[in-house]
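Asks: Could you slot chain B onto chain A? The hints should help.
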Amino acid sequence: MNETVTIHIDGQAVTVPRGSTVLDAARKLGIAIPAMCFLEGHTAEPSCMVCQVKVDGEDRLRPSCATAAVDGMRIESETAEVHAARRTALELLLGDHLGDCVAPCSVACPVDLNIPLMIRRIRGGQPALAGAMARLCRDCGGRCEKTCRRAARDRPVAIRNLIRYAADIGEEPPPDDATTGGFSTHVGRVSPEEIDRYMVEANSIQRVKPADGAAYTDEEARREASRCMRCDCRAADDCKLREYGALYKAHTRKYKSSRRAFSQNRHPQGLIYEPGKCIVCGLCVQIAREAAEPLGLTFVGRGFNVRVGVPFDRPLADGLRKVAGACAEACPTGALVLEEDEA
Amino acid sequence: MSITESTTQPDQDIDLGVIDGFVERIGRTRDKLIPLLQAVQREFRYLPEPALLRICAITEISPADITGVATFYSQFRLKPAGEHLINVCHGTACHIKGAQAVTDALYRDLGIPEVEGAETDPDGLFTVQKVACIGCCTLAPAMQIDGITYGHLTPDTVAHSVHDFLRLKELGVLSQPEEVPIDNPDHLAEIRIVLDSCCVAGGSQKVADAFEEAIERTGVPAVVKRVGCISMCYQVPVVEIARPGMDPALYTRVLPEDAEAILLTHFRPPNPFKRTARTISSVLERLLTNESWEPVSRYSADVRDEPLATFLGNQTHIALENLGEMDPISIDEYEQNGGFAALRRCLLELDRDQIIDEIDRSGLSGRGGAGFPTGRKWRDVAGRKSDRKYVVCNGDEGDPGAFMDRMLLESCPYRVLEGIAIGSIAVGSEEATIYVRAEYPFAVRRLREAIQLAEARGYLGERVLGTDTSIYIRLMEGAGAFVCGEETALMQSIEGHRGMPVLRPPYPAEKGLWGKPTLINNVETFAMVPWIFRHGAEAFARLGTPESCGTKVFALAGKVRHGGLIEVPMGVTIREIVEEIGGGIADGKAFKAVQIGGPSGGCVPARLADTPIDYEDLARLGAIMGSGGLVVLDEDDCMLDVARYFLQFTQEESCGKCSFCRVGTRQMLDILERLCTGEGKKNDPERLEELCHMVIRGSLCGLGSTAPNPVLTTLEYFRDEYEAHVEGRCPAGRCKPLIQYIITDECIGCTRCAQHCPADAIEPKPYEQHEIDQEECIRCDACRKACPVDAIVIE
Chain A
147 MNETVTIHID GQAVTVPRGS TVLDAARKLG IAIPAMCFLE GHTAEPSCMV CQVKVDGEDR
207 LRPSCATAAV DGMRIESETA EVHAARRTAL ELLLGDHLGD CVAPCSVACP VDLNIPLMIR
267 RIRGGQPALA GAMARLCRDC GGRCEKTCRR AARDRPVAIR NLIRYAADIG EEPPPDDATT
327 GGFSTHVGRV SPEEIDRYMV EANSIQRVKP ADGAAYTDEE ARREASRCMR CDCRAADDCK
387 LREYGALYKA HTRKYKSSRR AFSQNRHPQG LIYEPGKCIV CGLCVQIARE AAEPLGLTFV
447 GRGFNVRVGV PFDRPLADGL RKVAGACAEA CPTGALVLEE DEA
Chain B
170 MSITESTTQP DQDIDLGVID GFVERIGRTR DKLIPLLQAV QREFRYLPEP ALLRICAITE
230 ISPADITGVA TFYSQFRLKP AGEHLINVCH GTACHIKGAQ AVTDALYRDL GIPEVEGAET
290 DPDGLFTVQK VACIGCCTLA PAMQIDGITY GHLTPDTVAH SVHDFLRLKE LGVLSQPEEV
350 PIDNPDHLAE IRIVLDSCCV AGGSQKVADA FEEAIERTGV PAVVKRVGCI SMCYQVPVVE
410 IARPGMDPAL YTRVLPEDAE AILLTHFRPP NPFKRTARTI SSVLERLLTN ESWEPVSRYS
470 ADVRDEPLAT FLGNQTHIAL ENLGEMDPIS IDEYEQNGGF AALRRCLLEL DRDQIIDEID
530 RSGLSGRGGA GFPTGRKWRD VAGRKSDRKY VVCNGDEGDP GAFMDRMLLE SCPYRVLEGI
590 AIGSIAVGSE EATIYVRAEY PFAVRRLREA IQLAEARGYL GERVLGTDTS IYIRLMEGAG
650 AFVCGEETAL MQSIEGHRGM PVLRPPYPAE KGLWGKPTLI NNVETFAMVP WIFRHGAEAF
710 ARLGTPESCG TKVFALAGKV RHGGLIEVPM GVTIREIVEE IGGGIADGKA FKAVQIGGPS
770 GGCVPARLAD TPIDYEDLAR LGAIMGSGGL VVLDEDDCML DVARYFLQFT QEESCGKCSF
830 CRVGTRQMLD ILERLCTGEG KKNDPERLEE LCHMVIRGSL CGLGSTAPNP VLTTLEYFRD
890 EYEAHVEGRC PAGRCKPLIQ YIITDECIGC TRCAQHCPAD AIEPKPYEQH EIDQEECIRC
950 DACRKACPVD AIVIE
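Chains as they are written, first to last, in the working numbering: chain A, 147 to 489; chain B, 170 to 964.
Here chain B stands alone, though its shape is the one from the complex:
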């Protein structure tokens, strides 16, 4: 074939042997396209053309397939990148907490030119790209540099994170060690440290290392144990000291240097003189010389204290059961906590009808967003006649602001696997695929390991538990496309295509993966299943409301004091979640609205906060449950900016197939852009509303038909803000072209604003009232944050 010969550019020296190796290992069929591209990109950090042509030459994959797929998924790069990739999260929580300002600062600090398409610094060291939610909403704004997450960024300090990364690189500690289950045969005390993506970003790996070292040094009888998320994401890193027969002690926001002090408040070292001069730190000195030394109370938070008790107290944990107690990959611990009992029962005691009846009676409905009754779906697939059926677990958690699936996969992988196995038995499928989004590398790693360990134990694989039933679960990594959360697009993606939704009906239950009947459920739905079989359908159905049974996991983030993952019975009110569990709005600001359900959901105003959260009530308000992202907004948030943010998101993530979504959402975005830049026209709100209804009714798939929800709800509940923008005002002071920063005569002339200004728009004049040069001002808010006397206001 001439295409492979004629085109290789001489400057691209690619070792094609490497590509041949990938093909050998991964496969040659069409469905291997995405894994092959992922392998190539891991090797070269982009997709060099000769490598792609080589794939065409030696597999059944065509050039059209490759270009189509490589340009569809945002993970794939066709241009060389810098040595390190900085992914700045632009999820909802990050957006409202200033991700754009952080990105701008990063561009300035790295010297990336401000021209269209530029994303790499002049030395080729860093490439900066915006990414959809990385699922670390409580650390917002956050970014990942080569997989290491940095949180709580500010425009001022983002450069420190880059330096920290370079320092880690110099120290050679960037590669993460393989995880192995930790043995604790002697039941020693456990130092439990949460190690999942958020906590590691918060520094928990360093804390864990510090504890390991401290145990080594002091010789106290304890082991450091990695546990899954305990969902108190606003308090990371979190350490729990668990001694047999004693109440556990919980420390939050622990620093590495606290490790030894914490250890020594709970354990008497076997031989105090083991401590060598090298290890005597100042803390230790204090400890040795001062009997009345106080334990590190700065960071300790006894679980009985407010407000942590509230944070955990009102919740009911089903999907999140045993959170923070179990080593996520220890299959022994999962078994000790009742794990796989449900699978055993389903396999050995119940027939398929009984399994489905149980799920039916529990009232469980799909937790991915639409809330379709799970039992009905299972029964539909079970009743189909086919030589082959498939099960798919949808872990393409794409809603910015939602991260419960990531946490479940990272912290309770066996629970999800058990749920999938039970679903497979119920519908009569031997092959299941878990599709996990590309942005969750940590979840992928844990899941891979968990699948292996579960197979080794006989819970998965050939002849499960010695029966005739076989269940194979494989993992597929997504490649960065929100639309793949839509079930038909997801199956297209598994088959190696562009993730373009297909018109339903036929539904997957009739014609799904490879044209066969397919059961597709979300991660959280499967995670609920084992509990239902251990406690009975009735116990589950008793929770929640008559129509919406059970519990729902929410990712609480935004302007709330305590963000994190929560699991509550359906039907609790928005107010209970925001005020009681979330501890109210941070920084004394006023609660304005809560965004529920991400880009498909809506904004519910504070005045409707007594609305119970269940499928029916939310639908009535024009919002939807979605996957359960709850982003709390305060008085500083502009509702048009929020609507525009989501539209921008769906616009970028639209597959581009049908006219209503491809062009319609773009037109809606254009109108919102106009309004946010002061160029709105008088009838823009009406025109926007009309277009919303057209897009809802005319779009091909769920992405398009729900995309207008954030706009419609804000139009309904915050119409006055739309009118204000038509007049060129932004009441929340958020839309940059509509605002000015002014320094009032409260100014004490401390020069701090001038020092923080990245644009040199303020001349430092000690002891005089400062002034902002409006021409130079980039409205980054750095001066206002820096001012000690609140003398900088937005007009």
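Bound-form chain A, shown alone:
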């Protein structure tokens, strides 16, 4: 028996070892088929359906990550039809995605300033870096504060005061990550219960007024900065849904209707789980199983309501004792992330 097979993808022939998948073959050709639920080194359990290709002669499309390459197969990958199907898969996932890639304040900002990052830098003791960002502000009249989610609890974060405070510090040029923008999903209006959950990230103190009536002291600025609820996504720059969504020009709200409630689940060692961002690909379930975690993770429920959870509703810390980091690393979206050191 031949040890290799040859298939054609978009008219190009490629020879791969027997047992390879169409995705393997495409990658060998340098065709970048998007894949979210499949990760090299793990078993393909196709669910996201973003890596679809068309096999010549078939009506239905197939996930390339789990389709074995068979000698003589002819595959279409980079065609309008296949791209439309991938876009729909992404749009469906986006339709059930609960999270803001970019925080509302940044979205409102006319210069796309990454306001939450600036605030974190004030809080985390990097005021010079924050200042370099703050100087980009065009003082539009405070759209950032008008959209700040914290307003739903008490009063918005005093972003303009923070900007004024930071803008006077240092002479550094703006860093590369000063602005955000581009592709973003949006949660929209949130309920009081959800605000409670967002508040976990924030200090619940009252809005800080400058004692001298004019400008914040360092201490005051740090305290006000701690009021930020951090509604931007921790995985904004490391999210396949965002990356492919932008690449395939997916509409984020094409299939938006009813949405899930925001919730967050925190691991004492810094792992954060947001079920609303999970695409139920099962990579973390697989990793926990392979690592023989005593409890591990599992799919809970079925149908639209299927979620990843810890058996018997135990805390995340019990479920992931060994491989929390590996799971966060593998997660294609911001559903499982490690809390970074405050930047």
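Check each hint, because a few of them may be wrong.
[Said to hold, decoys possible] Listed below are several chain B residues computed to face chain A (Cβ distance under 8 Å; list not exhaustive):
id : residue
1  : Thr240
2  : Gln244
3  : Ser823
4  : Gly825
5  : Val832
6  : Arg835
These aren't lab readings, by the way, just hints derived from the structure by calculation. Cβ atoms here follow ideal geometry from the backbone N, Cα and C, with glycine treated the same way.
Replies: Then chain B, alone, in the frame of chain A:
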């Protein structure tokens, strides 16, 4: 392991010894997970956490396995339930006949609060849950209370059924006796009573008991004999008097009090004076005093009469052969009717190739829905080299509106077993599994018994009929998941996993159960096999059409006058079935459409009723044969409501794995919900259509890729109804937010509507025209049904 220690809550006093006993009896391996959970739930009526943790501690099953499986299958409950479980059927037939109104009434009557998730009454006596089809479509709407089925429910009367159940419980007659084959060595006359799930629900057990008593009392030479379904489900309970050498007499809709009168019209009691004063009923008195007493004609229906003759007449029975003549579990009778002759022939006279050739020539194709040629499948599995092969019989009949597999398993268990045995011989497998869905407890019981009896007779088990061939058939009960009817999901379930489909290829023939070549066929397919060997492949192939050979069993239900199971040659038209066999639409309404093939099928409009029913023609119309549910719809049925009903079903039953099915069907449902509540947008029909095509092409398995069919067919054939809903109108008057009930000046002021209104939306005003308070009205239709002069209309 610390998880087992740290977490047991003190208020859950569970005797862990019981759990240890289950594990001892059932086993410790991964594939025993579902049977173990079923045992735990039978014991506690839910799955208490300490019990589950105990299972983890003493078996190779992990906590992740348990939570994953326990939350996947709808049979399993993680919260304590009331003392009795009421399963209200929400199958297709029940849906169109008002299951939701019945459920609402049940909630009101039991005082279950109207809050999200509430399902148990304040006293903890009853827990109400919606279930997928319980397969009693002709009794729609129907429900089961602890396994006892009640049919023909109405919002008004559903409370009576609950009371009846409580009365039975008080009388202590809830437990069903073990069934034993009935001896009739002297060939006495037989009083044949159909005892399967539907008929028992219709009261046939009570009728059987009444006949037993009457025979005892009168001493007439007859025995009561339980027989399988005779498929006249709209006429239950059915009793047939069969005397040797005489024409049988058939009585339908028999009541227990008729038993003695019926007996005495056919038999002369040996000693009339045996009757004691205690037993003299009014009927008997009439009989004694009046020579010209008429037999209970109210209930009798001679088989030669119309329309019963039509109902039975146009059919060809292969899978349903000898229906209603044989005791389902009597192996003697099965043998006397040619049973096991096919197995004998296959085992002793034919080699494997000849067996497969015969099936090939017969043109038999899979009756589970897709219609794949059976011979080709058998040959594929037979040709695989492997140390082990498996056979699986798919009895996970999940389509709401289909119940032929239940009936075959209940009424002809040996025929199915014989078919499986022949399939096993053909492909070279020693181990077969029948997977039967959880909602069919009666079928499971019969099948278990039949397997034992067949083993004892040497037809199954070690060294079948003294040859070197062994065939072991075991039974696996499903746990409530429609998707397990999909073959790869079913095999996952047998292995003890969540029923999540796996991408094909590889097909089961190559890599199936436990990774071995596996033959998987549906119950009805296997039931056809013995007939083919007794009558020859050509006889089978002659029936039906050249492309779709043989017969197909359909479950006819809905708005048709005579519902039931029918078996007809492929290629008969929809019209023949609805009008000739089904007797047309009930209540003088207009025939609108027929839903074929359940959630994967489509709605065929009345104007296309001359379409022959075969695989090709149905596929052309966008419907599919499916497992053979035929639900007839009339002018009162809203096609969007029907589409939404099926979408809701597939949505709930989706395994949740792939994006297109998990999110795509949900989005489709959202759009339909919008349309049905008057919030539709102008481009919703187009958007829905686009999404349908995407879901069809992108879904991982058959469930997802056929789920849009009910929507697509209604979009194609009933587009005007979609447009009407966009404008906020429901032409059929079915979508509650779009309709109002109005009392016209025809009202005679009889107050009946007010008495029936469960929401106090009508004030009783004798002799005056009544009015409906639209704020209070819950649009349950009770008033309109109660009005004697049709003065209540829907606008």
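Asks: None of the hints should be skipped; say for each whether it holds.
Replies: Comparing the hints with the structure gives:
1. Thr240: holds (5 Å)
2. Gln244: Status violated, d = 12 Å.
3. Ser823: holds (4 Å)
4. Gly825: holds (3 Å)
5. Val832: Cβ of B/Val832 sits 4 Å from chain A, so the hint holds.
6. Arg835: Given a least distance of 5 Å, the restraint on B/Arg835 holds.
Of the numbered hints stated above, the single one contradicted by the structure is hint 2.
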